[in-house]
Amino acid sequence: MSLPLTKSRHLHHFHGGLHLPDHKLESTLLTILEVGVPPLLTLPLQQHIGHIAEPVVKVGDLVKKGQLIAQAEGFVSAPLHAPSSGRIQAIEERTFPHPSGLPVRSILIETDGLDEWGSLPEPLPDFEQTDRDLLLERIRWAGIVGLGGAAFPTSVKLSPGKDKKIRTLILNGAECEPYITCDDMLMREHADRVVAGLAVMRHILSPNECLIGIEDNKPEAIEAMREALRNAALESTEVIEIPTKYPSGGEKQLIYILTGEEVPSQHIPADIGIVCHNVGTAAAVADAVIDGKPLISRTLTLGGDALKQAQNVHAPLGASMHWLIEQIGGYKTQAKRLVMGGPMMGVPLRNDDYPIVKGSNCLLALSPEQTPPEEPARPCIRCGECARVCPVELLPQQLYWYTRAKDFDEVQSYDLFDCIECGCCAYVCPSHIPLVQYYRYAKSEIWAQEEEKKKADLARQRHEARQARLARLEQERKARLRKKKDALEKRGANKADDPKKAAIQAALKRVEARKAAKKASQTTTEAPNGDSTS
Amino acid sequence: MTTLVSSPHDWGRHRVQQVMLQVLLALTPGIAAMFWYFGWGVLINIALASASAVAAEALMLRLRKRPLQPAITDFSAVVTAVLFALSVPPTLPWWMTVLGMLFAIVIVKQLYGGLGYNPFNPAMAAYVLLLISYPAAMTHWLPPSVLSKETIDLFDSLRIIFSGTPPAGGWDAITMATPLDQMRNGLGQDMMISEIRESPVWGDFGAKGWEWVANWYALGGLWLLYKRVISWRIPVAMIVSLVVIAALFSLGNPESYPFPLFHVFSGGVMLGAFFIATDPVTASTTPRGQLIYGALIGVLVYVIRTWGGYPDGIAFAVLLMNMAAPTIDYYTRPRVFGHREDEHE
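In order, the protein sequence lines correspond to chains A and B.
For the first sequence, the numbering used here assigns the number 1 to the initial residue and increments by one for each residue that follows.
For the second sequence, the numbering used here assigns the number 1 to the initial residue and increments by one for each residue that follows.
Derived by calculation from the structure, the hints in this document are not laboratory data.
Yeah, the Cβ is synthetic: ideal placement off N, Cα and C, and Gly gets one too.
Just to be clear, a hint being listed does not mean it is correct.
Which chain A residues face chain B? A few, computed with CB under 7 angstroms, are given here [as the list claims (entries may be wrong)]:
id: 1; residue: Pro-39
id: 2; residue: Val-263
id: 3; residue: Ala-377
id: 4; residue: Pro-379
id: 5; residue: Cys-380
id: 6; residue: Arg-382
id: 7; residue: Gly-423
id: 8; residue: Val-428
id: 9; residue: Ser-431
The calculated lysine to any residue pairs, modelled on SDA-like cross-linking and capped at a C-alpha distance of 25 angstroms, are [as the list claims (entries may be wrong)]:
id: 10; chain 1: B; residue 1: Lys-65; chain 2: A; residue 2: Glu-374
id: 11; chain 1: A; residue 1: Lys-164; chain 2: B; residue 2: Tyr-117
id: 12; chain 1: B; residue 1: Lys-65; chain 2: A; residue 2: Ala-405
id: 13; chain 1: A; residue 1: Lys-293; chain 2: A; residue 2: Val-76
id: 14; chain 1: B; residue 1: Lys-208; chain 2: B; residue 2: Gly-186
id: 15; chain 1: A; residue 1: Lys-443; chain 2: A; residue 2: Gln-266
id: 16; chain 1: A; residue 1: Lys-164; chain 2: A; residue 2: Glu-261
id: 17; chain 1: B; residue 1: Lys-227; chain 2: A; residue 2: His-19
id: 18; chain 1: A; residue 1: Lys-443; chain 2: B; residue 2: Arg-335
id: 19; chain 1: B; residue 1: Lys-227; chain 2: B; residue 2: Pro-287
id: 20; chain 1: A; residue 1: Lys-406; chain 2: B; residue 2: Tyr-117
id: 21; chain 1: B; residue 1: Lys-65; chain 2: A; residue 2: Pro-376
id: 22; chain 1: B; residue 1: Lys-208; chain 2: B; residue 2: Arg-335
id: 23; chain 1: A; residue 1: Lys-454; chain 2: A; residue 2: His-51
id: 24; chain 1: A; residue 1: Lys-308; chain 2: B; residue 2: Val-5
id: 25; chain 1: A; residue 1: Lys-64; chain 2: A; residue 2: Pro-123
id: 26; chain 1: A; residue 1: Lys-406; chain 2: A; residue 2: Ile-446
id: 27; chain 1: A; residue 1: Lys-332; chain 2: B; residue 2: Val-5
id: 28; chain 1: A; residue 1: Lys-336; chain 2: B; residue 2: Leu-4
id: 29; chain 1: A; residue 1: Lys-406; chain 2: B; residue 2: Tyr-112
id: 30; chain 1: A; residue 1: Lys-165; chain 2: B; residue 2: His-339
id: 31; chain 1: A; residue 1: Lys-336; chain 2: A; residue 2: Leu-29
id: 32; chain 1: A; residue 1: Lys-443; chain 2: A; residue 2: Glu-410
id: 33; chain 1: B; residue 1: Lys-227; chain 2: A; residue 2: Leu-18
id: 34; chain 1: B; residue 1: Lys-65; chain 2: A; residue 2: Ile-433
id: 35; chain 1: A; residue 1: Lys-443; chain 2: B; residue 2: Leu-4
id: 36; chain 1: A; residue 1: Lys-162; chain 2: A; residue 2: Gly-273
id: 37; chain 1: A; residue 1: Lys-308; chain 2: B; residue 2: Leu-4
id: 38; chain 1: A; residue 1: Lys-443; chain 2: B; residue 2: Tyr-330
id: 39; chain 1: B; residue 1: Lys-65; chain 2: A; residue 2: Glu-375
id: 40; chain 1: A; residue 1: Lys-308; chain 2: B; residue 2: Trp-11
Chain B with its partners taken away, still in its complex shape:
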């Protein structure tokens, strides 16, 4: 018996699952670098977040009376979990990670209808929820291992994460402000950038450790571009707009506004540009729209970092632009073959 299915009668061999796995694979260099500089907490967070995300997804699919397969094995929840885990401090108490993932999967993703229907990036929404609710815990970053005298082994990490007890010398003994925080606090105290940069935390263009994490993320991102999993438009537009706006201010007053490479290599820009802003579900989808979307994220990141209340602004910038994406798409429809340029305007 032949099957009666309308054309086309052949498919390419792409799968959603494959796309998600490629994203995870592209993240591995960055994960390795994070592990190298920040220790076991990174891996524990990833495992914990992934387990809670998949469990939350399964629970919600059951409650929504949807089949578990194939949704549970498409790895989209794992991608959300890994992106979240890489954004939060490696000392975050376990229940905050679980709470974040419950919020991301239950409320931001599944209550909107599951994969493909969520208007907001679940990982970033969870990050922002925790940042607003638990600002202290969310800013306890470990210093990169190259700067730290103390070593935190697996056992210490487990104890910190699961019992919430600070290490022997208290939080201050092991934690350290992130480079973006240091820059921000320094500028807040009217220090000049050259003074701030005298501190040993600074590396060649960003901060020690951090800049290499950024490089490895970028490497993974370039591989995704090569594999055509993501398009170049969003990451390039985002980085270029950030560099341009930072360069403009920095050239005007180099002692008060950090130079462009500092912005690109110090915070979550590389992770954000290649892995977070490119989340297809919540981003703009038209070619021109993607350029605008990426560029505005870059601008917002700069605005939040420079004049806003938070040291880094990737999550806020991405969520704000998630809201704008449908409108951007509406006004940037490509010209359809055989139509005049001005037909839809």
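Next up, chain A with everything else stripped away, as it sits in the complex:
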């Protein structure tokens, strides 16, 4: 057995970042709870980046656990499977936790409580002898997306293209946001699953080395992962303890910490030979390949002071947040803020009536004490704290000024689109300016403008084409008229009397005569029944 697993490695430090109170202890006191199956599951057809999935079931259909209920549409998309057995109750629009707050077409399953598995594809425990395309096809079938929160289809990320040689495969176990501990607990309790998934990914990508980055505030997870690696005897793979600093779990930040390489702006890691996956995603890959099970459940943290007890749960996708919170004892106080995700980047929720989706790593119910007081923003005093903590080394206050001035060209020249919206700048701002909100606004305005410009370009092209067509038709018409005129003039020279004209003249004369006759009859006999013309 080879054990070169603890050799020291030079780590790189990204600019800025924050040391935040991590609030991780509260939810790691208890083990992951298997919550079972709620009476109703709500499954949005779009819980991934890419095209919305297309339902393959009808209302009233009976489905088994693991059965395909919606298929992927296009390359960047992901299918959905029934998380439990039951009946399709409805396929309709439902709101779901997304910043837009827009409703998404969803499949509702009324569960039957039997939790009965349907037929599953053949398990592939000997994946090392299996064709890579077959493995990719399996991962795609399983509907696996990035479980760290971004929800990008995993099979796409594992197919970087023939021209891109992957040197380094990274597993992201940093979990840098406060409160969230689902990856931590997953690694503590199921490290072997994570390592098995890593082995599958490694076989697909055949990188030179694999690195597992975990923040040093998770010693149990680090130990468990090292143990699992020793048992699996994976070569040139190591667990690397990285200093706890937000946002070290950002993909580009973690890559920099571990390798010292910067992913160029507007590029993906695969462009520099690196692929990075979340540890939870790796476990899901193991389930799909080794057991033949699709992604129908996930581990997530239920945290925040408004809950009686914070805990991690393993829950079926589509379970309502309200039901989940009830399963762990419910609320202690009324939540002041509900957030899906962490406190730094999570999506605010109106209530807990939403389903959990593939990307739900955490549900936070923050008590009034944990919520900062609402204060009006004060003027920026250009103190530069924001620039000091920006992990991308932007100048947040300049972005803010230009966004306020709606000078979107200048905002872009200050590299707005390199902003990862980590929230560090807003966190430290002494004037409490909601900086990230400004950047989101600027980004959406710029996208809208680009969309407008595209539309305008299209309209202009159409207009120009129409003008050209009209001009051509006009010319053709004129040419035709000229021809006719010429022909007529030639004929006019030959014939003096035009029969048509003569006919018109005759008709006019007849009408005149009739009018005169009518007039005459009206003046002579004033017949009560009106006139009768014969």
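Starting from the structure of chain A, add chain B where the hints point.
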């Protein structure tokens, strides 16, 4: 009902108000030293300037139809007032202090849009206005108490400031040229520095009294650095550049160009380096920009003191560099993660 606010859902507990209070707190050792050496006039000026600054701020907020809160309690006007009061002579007539503060708050600060929008440091702009308009009153400095035979008590100070009547023996009995003035006048009369320094006003490295005021300002400044209220770049760049340029000239001709420590400890350099040049609103904000900004202030201070028309040049140097700050920021943008070094140039 939950509140729907986009992320982040937590804030640090910094406040603008807290920053301003920390600056005021850091000034207290320097204020105490000023009081010790120059008497009640220092405190009267601070009180008078603060009251007029806050009143002017309130008036302008009302005229601009802006809410008084939280702007009036952010202490930014008080910081401006204290910095101004510490820069002017402790005998300045009351109406000049009031005029200075009206100019600083009404014209330099509020007419540009209030806190955060002013391109010039209000305290320094007011100082320069008075220096140009009333040069005599602005250069009537008291000698530090260690050198003075006369003692000026609270009553004398009040009388001098509010009635404008000079003390019994006339201005000359109680006032004295500042060390920078003495050096300047001495050099103007072709005296050698060793001759000039024979006068009893000189201390160990600067002038008696003044050098200790500078030390206490520096102490407050170091505390601000420790608290990360200010960054080290501007003060260090300013002092280092002043020392380097002074050392170059002084080494070349030590009898005509004062030695570097004289420059650092005699005038307003410590106050300027830690409290005035670091005013975030009007200074450069990029890391490299702050180094350039501070260093150029140091150079300008030396140039004005040595070849300019005024004995001290902090205010002019700071205002000139205020003008340059946006340009410096533009050309010193840090390299953004994932971008090449040369992308913006």
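Here is what the structure says about each hint:
1. This hint is violated: Pro-39 of chain A has a C-beta 25 angstroms from the nearest C-beta of chain B, more than the 7 angstroms allowed.
2. Contact between Val-263 of chain A and chain B, as hinted, is supported at the beta carbon level, the nearest pair being about 6 angstroms apart and thus within 7 angstroms.
3. With its C-beta approaching chain B no nearer than about 10 angstroms, Ala-377 of chain A sits outside the 7 angstroms limit, and its interface hint is violated.
4. Because the smallest distance between the Cβ of Pro-379 of chain A and any Cβ of chain B comes to about 4 angstroms, under 7 angstroms, the interface hint for this residue holds.
5. For Cys-380 of chain A, the interface hint holds, since its Cβ comes within 7 angstroms of a Cβ in chain B; the closest pair sits about 5 angstroms apart.
6. Checking Arg-382 of chain A against chain B: minimum C-beta separation of about 5 angstroms stays under 7 angstroms; hint holds.
7. Interface restraint check: Gly-423 of chain A against chain B, minimum CB-CB distance 3 angstroms, threshold 7 angstroms, status holds.
8. Because the closest C-beta pair between Val-428 of chain A and chain B is about 5 angstroms apart, less than 7 angstroms, the hint holds.
9. Interface hint at Ser-431 of chain A: satisfied, since its Cβ lies 5 angstroms from the closest Cβ of chain B, which is below the 7 angstroms cut-off.
10. The suggested pairing of Lys-65 of chain B with Glu-374 of chain A holds, with an alpha-carbon distance near 23 angstroms, which does not exceed 25 angstroms.
11. A threshold of 25 angstroms between alpha carbons decides the hint, and for Lys-164 of chain A with Tyr-117 of chain B the separation of about 50 angstroms lies outside it, so the pair is violated.
12. For the hint linking Lys-65 of chain B to Ala-405 of chain A, the alpha-carbon distance of about 21 angstroms falls within 25 angstroms, and the restraint holds.
13. A hinted pair counts as satisfied when its Cα atoms are at most 25 angstroms apart, and Lys-293 of chain A with Val-76 of chain A qualifies at roughly 21 angstroms.
14. The hinted pair formed by Lys-208 of chain B and Gly-186 of chain B meets the criterion: a straight-line CA distance of about 17 angstroms does not exceed 25 angstroms.
15. Restraint check for Lys-443 of chain A and Gln-266 of chain A: satisfied, since their Cα atoms lie roughly 14 angstroms apart, inside the 25 angstroms limit.
16. Annotation: proposed proximity of Lys-164 of chain A to Glu-261 of chain A holds, straight-line Cα distance about 16 angstroms (limit 25 angstroms).
17. The straight-line distance between the Cα atoms of Lys-227 of chain B and His-19 of chain A is roughly 16 angstroms, inside the 25 angstroms bound, and the hint therefore holds.
18. Of the supplied pair hints, the one linking Lys-443 of chain A and Arg-335 of chain B holds, its CA atoms being roughly 21 angstroms apart against a limit of 25 angstroms.
19. Taking the CA atoms of Lys-227 of chain B and Pro-287 of chain B, the gap is near 18 angstroms; set against the 25 angstroms cutoff, the hint holds.
20. Restraint check for Lys-406 of chain A and Tyr-117 of chain B: satisfied, since their Cα atoms lie roughly 17 angstroms apart, inside the 25 angstroms limit.
21. Simply put, Lys-65 of chain B and Pro-376 of chain A have alpha-carbon atoms about 17 angstroms apart, close enough for the 25 angstroms limit, and the pair holds.
22. As the CA atoms of Lys-208 of chain B and Arg-335 of chain B are separated by approximately 47 angstroms, the hinted pair breaks the 25 angstroms bound.
23. Note on Lys-454 of chain A and His-51 of chain A: the hinted pairing holds, with a Cα-Cα distance of about 21 angstroms set against a maximum of 25 angstroms.
24. Only pairs whose Cα atoms come within 25 angstroms are accepted, and Lys-308 of chain A paired with Val-5 of chain B is accepted, the gap being roughly 24 angstroms.
25. Only pairs whose Cα atoms come within 25 angstroms are accepted, and Lys-64 of chain A paired with Pro-123 of chain A is accepted, the gap being roughly 18 angstroms.
26. Of the supplied pair hints, the one linking Lys-406 of chain A and Ile-446 of chain A holds, its CA atoms being roughly 10 angstroms apart against a limit of 25 angstroms.
27. With a CA separation close to 22 angstroms, the supplied pair Lys-332 of chain A and Val-5 of chain B stays within the 25 angstroms bound.
28. Between Lys-336 of chain A and Leu-4 of chain B the alpha-carbon distance is near 10 angstroms, which keeps this suggested pair within the 25 angstroms criterion.
29. A C-alpha spacing of about 19 angstroms is found between Lys-406 of chain A and Tyr-112 of chain B, which places the hinted pair at or below 25 angstroms, so the restraint holds.
30. Between Lys-165 of chain A and His-339 of chain B the alpha-carbon distance is near 22 angstroms, which keeps this suggested pair within the 25 angstroms criterion.
31. Restraint check for Lys-336 of chain A and Leu-29 of chain A: satisfied, since their Cα atoms lie roughly 24 angstroms apart, inside the 25 angstroms limit.
32. Proximity of Lys-443 of chain A to Glu-410 of chain A is assessed by CA-CA distance (about 12 angstroms); at most 25 angstroms being required, the pair is judged to hold.
33. As the CA atoms of Lys-227 of chain B and Leu-18 of chain A are separated by approximately 16 angstroms, the hinted pair is consistent with the 25 angstroms bound.
34. Under the criterion of a C-alpha separation no larger than 25 angstroms, the hint pairing Lys-65 of chain B with Ile-433 of chain A is consistent with the structure, at around 21 angstroms.
35. The hinted pair formed by Lys-443 of chain A and Leu-4 of chain B meets the criterion: a straight-line CA distance of about 20 angstroms does not exceed 25 angstroms.
36. For the proposed pair Lys-162 of chain A and Gly-273 of chain A, the alpha carbon gap of about 12 angstroms is at most 25 angstroms, so the pair holds.
37. Under the criterion of a C-alpha separation no larger than 25 angstroms, the hint pairing Lys-308 of chain A with Leu-4 of chain B is consistent with the structure, at around 23 angstroms.
38. Restraint check for Lys-443 of chain A and Tyr-330 of chain B: satisfied, since their Cα atoms lie roughly 22 angstroms apart, inside the 25 angstroms limit.
39. Taking the CA atoms of Lys-65 of chain B and Glu-375 of chain A, the gap is about 20 angstroms. The hint holds against a cut of 25 angstroms.
40. The hinted pair formed by Lys-308 of chain A and Trp-11 of chain B meets the criterion: a straight-line CA distance of about 24 angstroms does not exceed 25 angstroms.
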